[in-house]
Structures are given as C-alpha cells and as structure tokens.
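Protein sequences appear in the order of chains A and B.
Each residue of the first sequence is one higher than the one before, starting from 1 at the first, in our numbering.
Each residue of the second sequence is one higher than the one before, starting from 211 at the first, in our numbering.
These are computed hints drawn from the structure, not numbers from a lab.
Cβ atoms here follow ideal geometry from the backbone N, Cα and C, with glycine treated the same way.
Careful: at least some of the hints might be erroneous.
Taking beta-carbon pairs under 8 angstroms as the criterion, some of the chain A residues facing chain B (in silico) [to be verified]:
1. 33
2. 34
3. 48
4. 198
What follows is the residue order along each chain.
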Amino acid sequence: MKMKLSFFILALGAMVAGCYPDNVDYYDEFDVALTHYQDDYDFQAQGTYAMPDRIVKITGNKIEGDDPEYVPDVVATALLGMIAENMSNLGWQRVDIDEDPDMLLAPAAWETTTISWWYDYWWWWWGSYYPPGWGGCCWGGWYPPVYVSSYTTGTLVMTLIDSDLESASGRPISQWTGAISGLMSGAYNADRARRAIDQAFAQSPYLETN
Amino acid sequence: MKKILLIIFSFSCINTFAQDNIINFQYSIGFGTGDLGDFIENPSFRGFVFDYRRLTENNIAIGVEVGWNVFYDELNYDTYTKDNLTITGKQWRYNNQVPLLVAADYIFSTEEKLKPFAGLGVGTMFSRRNTNMNVYTIEEEAWSFALRPELGVVYDISFNTGISATAKYYVGFESGDLPTQSYLSLNFGILYLLY
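With these hints in hand, go ahead and build the complete structure from the sequences.
Shown next as structure tokens:
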C-alpha cells in the first residue's frame, strides 16, 4: 500500500508540474506597449519638449559609480526618430534643452533582466543617468503594479516630465510613461519597434496638443 | 475451523465503506462560474482532488479535502485599459484555485456496490489570479472562506478499492484582491482503504 501511495503522490506531483500551461511561443508575442498618465495634468497646455540624442542603457552599474552605457547609435537614432515623429504628429515641437521646453522626454532602455526591484530602485534612479537639467536625480511619481522576472527581453521606457513640478518628496513626477517591451528580444527588428512605439502613442490620444 | 470461518465471514462483509479510513485520488475538471467564469471562459482540464474520510456511525464520513485547479486562457493581441493605464499586447490569464476543507458526507447506502452520497465542505480557498503580458504580471491573491456542496457516487471494484464520480461546487467568498470565486468541478477518482 505504501508503494501505491508513493506512486500516486509522485504521479500527482508530475501532473501538477508537467501540466501547468505555458505561454510564449514566439518572440513577437512578447511585444507589449504600456502607457500611463497623470489624469490631472493638462497636456494640451504644453507644446514643446526636449529629448536627448542618445538612449541610456540601464546596466546595473551606475549605482556603483560606473560610467553609463548607451544603446548603439544606429538603433538609438532609429528609435528616437520614431518617437520624435509620433510626438510631432501629436503637435509637439522638439526644442533644445536650453530653450526652456515645457516638458522633458527621457528615454531609457535595458536588454534583460532580473530587475526585481523595479519600482524601489531603477524607477527612482535612471534619471541620474542624464545630466543636470534633465529632471534631477530621480524619477518617480507612479509605481506600476507589475513585477519583473528574468526573461531576456528588451524594454524601452519613455517618460514625459514637467520639470516645474515635483512631488511632495521633491521628486520629479512623470506625467506620462510609455514602456515598450520586447524590442530587444531576438535581433533588433525595426518593424516591430515601429509597431510598438506607434502603438504607445496611438493609445495616448490625451497627449495631443493641436 | 472456527477461526477460518470467522476470516471468511469477515472478508465477505468487507466493502469500501466498511473500513474506517478512505482515501480518494481524483482527476478534476473545473468550470468557472461568476467572476471566475468571466475572467476565463475555458474549462480547466488540469486539476486534482485528494480526499480523506473516516467512516463514523450512521453512514456519515468526516475528513479533509485538498484540491487544485488551474484555469487558463490566451487572449489575442489587443488593447486593455484600466483607469489611466493602458496595455497593448497578447495576454495570458491564469487562475489557480486551491481549496483546503474539512468535509462531511452522508452515504445513502453502505450495503450496495453503488453508493450515492452527498456532502458539504467548509474551510478556506486560496486563489491566485495572474494576468501576464510580456514579462509583466498583475497578480491578485485571496484567502477566502469557502463552502463546497457535493454529490457523488462510489462503485466498489474490489474489497479495498473503488472508483468515484463526484460533482463539487466551490464558492470562495470575496476576500483579499478578488471578488467571490466559484467553480463547478467534475471529479473521477480511485478510492483505497487504509489499514
């Protein structure tokens, strides 16, 4: 009887572990466009924004004092071009950081990884990758209700910040966040990137200023 | 001779419910109802129930029950909005239900090979709901007070083995992150007597 019991318990365990449904079959099934905005912010009253020419790459070393890394120029230029095109279509004018823009658009990217402290670490600190005048040291205002596990996938995050506003704790507030995930899973694919970036702006009609 | 007769008589009287302790391993198919059915329409073909009962007098069996069902669905690439958060992509939905109950059954007949019974379980049910998109998961959990009425039949296939078919309806009342979770399960099992 004990043998039979052991067999059934083992079979039961195998059934539970083996039959649990999996999900992703193809890279492009990873593609996700996520957007969030502050509903009390008047985007229509704004019109200009500044954006850097490079996309900083979150590598995990900056917090320990290492120099920042950047997305390769050929890829960054293409992605920034898509972002600028969408912003232009919504009526925004891109200006230099010295021209007192209404908002700052700060992009950041990472290729992988085990960012388990998403909101209490990276979410606050990637702002420090950008020089002073780019929104100070920190970034925050909204904690996404998500967890991040260790899949290999790329994420591009775009944040629109009004540098005149800050939270009660003195941190800049992201008025709009667009997160595009899946861009760097597999080889870089411009069509997938465009689809995802276009989608992020298409599902954010409140950004339109004209 | 007297001892031999006694042994023969004892075996002739044994049937599945003539023993004190009964265990039942069951394969379970679940059908979500209410909020759970709205979240995932597909039935769950992944599940099990383990029942233990001790037969008392008056055709009543009392014991415990542990089970698991996972409901799963895959939604097409689409846009999903909640408040001021919008996500576009493919969506994978999971709902795990784990009831942990004390249970009592009334067996309508212990003398026949086919034994219908009705039961009620009371306890708790753990629910975990995941909405996955890319590497993101929105996870909602609840430990809820649970009730579970049940109807079933057992058929004796040998002196210490039987097979069962049961219908159980689980209701885990609103708790934690989730509203009331309920599902109907059809279960097919093998019973053993423990000595």
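A quick look at each hint next to the structure:
no., hint, verdict
1, 33, "holds, 4 angstroms"
2, 34, "holds, 5 angstroms"
3, 48, "violated, 23 angstroms"
4, 198, "violated, 10 angstroms"
The structure fails to meet hints 3, 4 from the earlier list, while all remaining hints are met.
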